[in-house]
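Undergrad: Position chain B against the provided structure of chain A, taking the given hints into account.
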Amino acid sequence: VILKRVVVDGFGKLVNRGPFDFSPGLTVIAGPNESGKSTLAECIIRLLFGYPRQQFSEELDRFRPWASGAPYRAHLEYALDDRRAFETTRDFASDAETVTRTLDTKERVDGLSGGRKASPGHNALSLSLEAYRAAAVIRAGELQTDGDPGIKALAERLAAVVGSAGDEGADAASAALRIFASKDIGSPQSTTTPFAIARREREAAERAREQASAAFHSLKLTIEGRATAMAEVDQLAASRRKAEFAVNATRLRALQERSREVDAALAALADAEAARSVVGGDRARPAGDSRPPADDVERAVAAREVAAAQAASAFERIGDRTSERTDVPALRSECDTAITAAEQRAAQVRTLMQAAAAGASDGDDIDRAAVERLEMQDIAVDAAESRARNAETRAAIARQLSPSSPMAFAPVLLIGVLVLVTGLIQQAPLLIRGGAGALAVGLVLLLFYLSSAGKRAERIRAAEAYAEDASEALDSAQGELAAACRAFGCDSVAAARARFNTQRDRAALRAEAAALADTLESRRAQRRVLDAQLAGFESLDRDLVARRSAADAATATLAKLLDDAGVAPGADLDARIASFRDLRGATETAARADTAVAEADAALSKALGSFDVESLHLEIERLSAVLRDAPVTAPLLAAAVDEQTALAGWNDLRRRLTDAEIRLAELTAVYNAAKLPDIAALEEHAAACRAEEERLASAARSALLARDVIDEVKIAVHKSFLPTMNAALGAALSAITAGKYVEAHLNPADFAVRLASSERGGTVDPWQLSSGTLEQVNLALRAATAQALGSGERVPLILDDALAHADPQRAAGALRLLAEAGDRGIQALFFTQRSDLVALARELPGVRTLHLELEQSTNAPESENAGVDDGETETAGVSRPAG
Amino acid sequence: LCRAQAQTKGTVLAYRILHIADVHLNTAFAGSDSGFGAKRREQLRLAFERALRLTREMHADALCIAGDLYDDAHAGPDSAAYLGRCLREVAPTRVFLSPGNHDPCAAGSVYRQMQPLPDNVTLFDERSFRPERLADGLTLWGMGQTSPLDHARALAGLSCRGDGTHLLLFHGSDEEHMPPGKEAIAPFNDAEITRAGAAHAMVGHFHTRLQGAHHAYPGSPEPINVSQDGEHTASIVTIEDGRVSLDFKRLNETEFVDAELNVEPFADSAALVQAVREHAASVVRKPGLIFCRFRLIGAAPASLDVDLQSLSVELKERYPGFELIDDYRAFDLETIAHEGNTVRAAFVNAMRARIASAADGERPELQAALRYGLLAFAKKGLRA
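Protein sequences, first through last, are from chains A and B. Everything in the first sequence is counted per my numbering, starting at 1 for the first residue and increasing by one. Everything in the second sequence is counted per my numbering, starting at 1 for the first residue and increasing by one.
For reference, chain A alone in the conformation it holds in the complex:
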């Protein structure tokens, strides 16, 4: 952007000033103090950027025209680097009166028009008002760069401009955030920082809350136990009341039953006493009676009857066996005879057996089947022998038969040959035929002879073979027979037969001996039985005697007892017994009456128990009343149990109820003694502590995040500045130092400047440069920064008394630098009150000078006039007629 012209209708002390026409390079606006230099500078800035924070009326009011009635308005003309030119007219008093037009066509540009916030400067430069101020407005002292501190201040200034349009550099901001997070808040590891304190408070609060919760939980358990105990007490109390009802009901039932039993006992007693009065009762038996007890008599009667029965039985047993007493001796004699005969025959048999045993040969026993097999073999041997004899005979006969004679066919053959030869010789057919016939017959005969001779020889061989086979069969049969006989220890079949017969006889003797032994045993047993029978007869006799004696003794004893009992003597014992029994019946009847009375009395006592009749009735009446008035009834339970069971249940319930009431009392005591802290308050405190801790932690996290993001974007932003700034600085330095320094390097981290020296080679620190050079470096960097900070459009610099305190030489150097910068395309508006610099400016080529003069006004404390430059080449702004 190149500022071309400003016209001020009213802005602060400047009223109706201008136009102020600016050089595209350096324009020096001169004026004494209070002439309105800063006001004009502010007016230009506000024309470019407006009032982006329009709400600040104080800021807006600050530059209201001092002159009454003057419009709060100004006009700016400017051109962009692309040569487009605009004019902006602002009515600062109105929020909607900023109008920007193209300078050539006067066409309104809506994007640059609007209210107080409309900002052609921002639009063209991409800089905010604050950024423009920070980068392009240079005030008094800011160009002074003496030594290392000055260089550092310059770097910091650049960092602040690049960091935040002049407020703070990114590194400083980052460091502030780090310190805030680590010290002002503190890490979890620290102990004294707010975060650590908050953490401790939170932990303490949570501990207190947990302890209270634990106590509360414990109390809850007590409450639950207490509720259970209360329910149990209620239930047991209800059950006990039912049980009480049941006890009373069952007791009443039992007493009513007892009452019925008492009534029955009373009636029975009355009956018994009446019966006793009838039989005489106690009076039937005199005192001091020494008669034997009736039971003794009865036992004696019974003993007598038993003894008599036993004697009769013994007699009956003897009487039934009379015939046996006669037969048994005869049988015993016969038995003895048979035993003797048998013993004798047994002795004979033993002798015969011994004899047979002596004659017996050794060897296996031979049985009947073996003997028969041997005899069959013997018969077979005989048959084989017969066949052998016949075969030998037939062989001899065959050999004896004469064979047929060979002469029978020889003459015939011979005749035939002769006849045939003759016939052949003679050629006589007849002969030939006769000879041939004879020859044929002879041959037939020869064949017959040969055949019959063969057959005879065959017959002889067959007969001899048969004879030989028969002979061998005979030998074989004889051998087998002999072997069989030897097997039984016999040398022949006859010997075997004889041995078999001997064996058979011995077996018969053994059988007879055995039969005799059996007979002897049987007879001896029979004799023992008979002996026993004889002994039994004697025993029966003795038993009969003894029984009869016992019966007699029992009879005597009974008779004595009857005598003792006072029964009249007599021969008929049974009559005496009957008399005794009659007497005894009367006595017992009286005793039974006494017993019945006693028993009835005992039954009455038992029925009454601990009561008497009256108290029993009173108790029944009392219980009836209690049950009638009972608040709780349990008829089913009462009906289901007896008094004892009901009482046992009632006692059990009473015991359990007592236990439950004790438990309830204990739990109630614990419950009543519980003093709980205000859990809600503790919870709130813990929550507040947690919130505070989290608030601090969140703040620390946020601060560290901000720091990280700043560090992250800083590198990219700083790097983006370097090409522009290095190029601008290098070009400026080369021009300033006449090629002595050709390159400059900015450290992207902190904007520290390093210079490359063409003379000495290598780099040098800026503080080694002269102060004047450093100021020029400063100026070049400010211009480059302003440019790089924005869109790349050139940024007009405003120097508001920037060299007010510089010595003349340094100020002159700076002014020359600005003029040279103007040659390089950097526009600068240099406001100054120093006349020496104005004079110098007039000498510099291409520099425009303007004068702001003091203006007297009746409406404002001060006013200014725009003066006309008296320089050699340029004419500055003129004052315009008011209105």
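Just so you know, the hints here were simulated from the structure itself, not pulled from any lab data. Because the structure is a prediction, the values reported are computed rather than measured. The reader is advised that the hints may include incorrect statements.
Claimed, not checked - Partial list, computed: chain A residues near chain B (C-beta under 10 Å):
hint	residue
1	L623
2	V626
3	S698
4	R707
5	V713
Built from N, CA and C at the ideal position, the CB exists for glycine as well.
TA: For chain B alone, kept in the frame of chain A given last:
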């Protein structure tokens, strides 16, 4: 005169019920310190006692409490004794209690500690509805929750048997008016009440007054938190000739007030602090009864560097429940973002991009990071 007395005198009067709910005695107030919490709990007790006093003054036949009478997590023997005494004192008026999700009728609950209950008190201690005869032809059906998380439908299977008018008393969520993101407790809808054969349901759970065609929430007697800025009443239910009519009587004494102050005119912290103090004093005329959300708005002058944390602590001590909300623009982000090729502009753009893509839960910390970064660039004090 209660109805019983009226009947003995031969006078036929309407049956009147005072219906309250969600008293939340003993509740903990999240985000407040214990001192303020104790004051708020005291206010809840006073509100409850106002309801009891109203019951006596209007000679109500019955007091129906539709759940969340207290917070089970914080209530102990003292609460049991307190409630037992208070409810006994409203006799002969009958009191019907329907436990809710915050005061379920569990083994160790305050309701159990109150055993034996005063004669005039009926506790619906089971999850299923059971009838209680109120008067001839008038029956109250009530149920109580027995666990804190009861998501089963409140009126499932309910059919009010018998002639006359039937009322319901329970704690549950009207699913047609559920706040977004909230989980329904014992849900129901108006149609279910009609289907059950009831003329009106006295319900608890929502903390501000809500009236449906056949049911009503009276709201909590006092607001529990700042979001409950609706009505907090007792519902007066009158049944006459089978008709049910409702009237609502405000119970709360505390209220929440919103205030704002534009910070733009205040370029220095002292001026702003003074203005906030004066404005707060004018808004909170009854400290402790008016809970103020004081919002600082507008765009702050660049010079303003105020310690709001300290100011907030000071004002909270002076005005319990005072909440100072930092809602002003300390920085003109749009201007900064376009101030030029500065690190700060890049930082603002980077943070704005992060905030735009962050989840809701992450944004506050990112916004704080943006604010801290700008404060650091502006050389202003960094305060947690």
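Undergrad: Quick check on A:V713 please, does its C-beta sit within 10 Å of some C-beta on chain B?
TA: holds, 4 Å
Undergrad: Restraint: A:S698 near chain B, CB-CB cut 10 Å. Satisfied or not?
TA: holds, 5 Å
Undergrad: For the hint on A:L623, does the least C-beta distance to chain B fall short of 10 Å?
TA: violated, 32 Å
Undergrad: Does the CB of A:V626 sit less than 10 Å away from some CB of chain B?
TA: violated, 27 Å
Undergrad: Let me know if the C-beta of A:R707 comes in closer than 10 Å to any C-beta of chain B, holds or violated.
TA: holds, 8 Å
The earlier numbered hints that this structure contradicts are 1 and 2.
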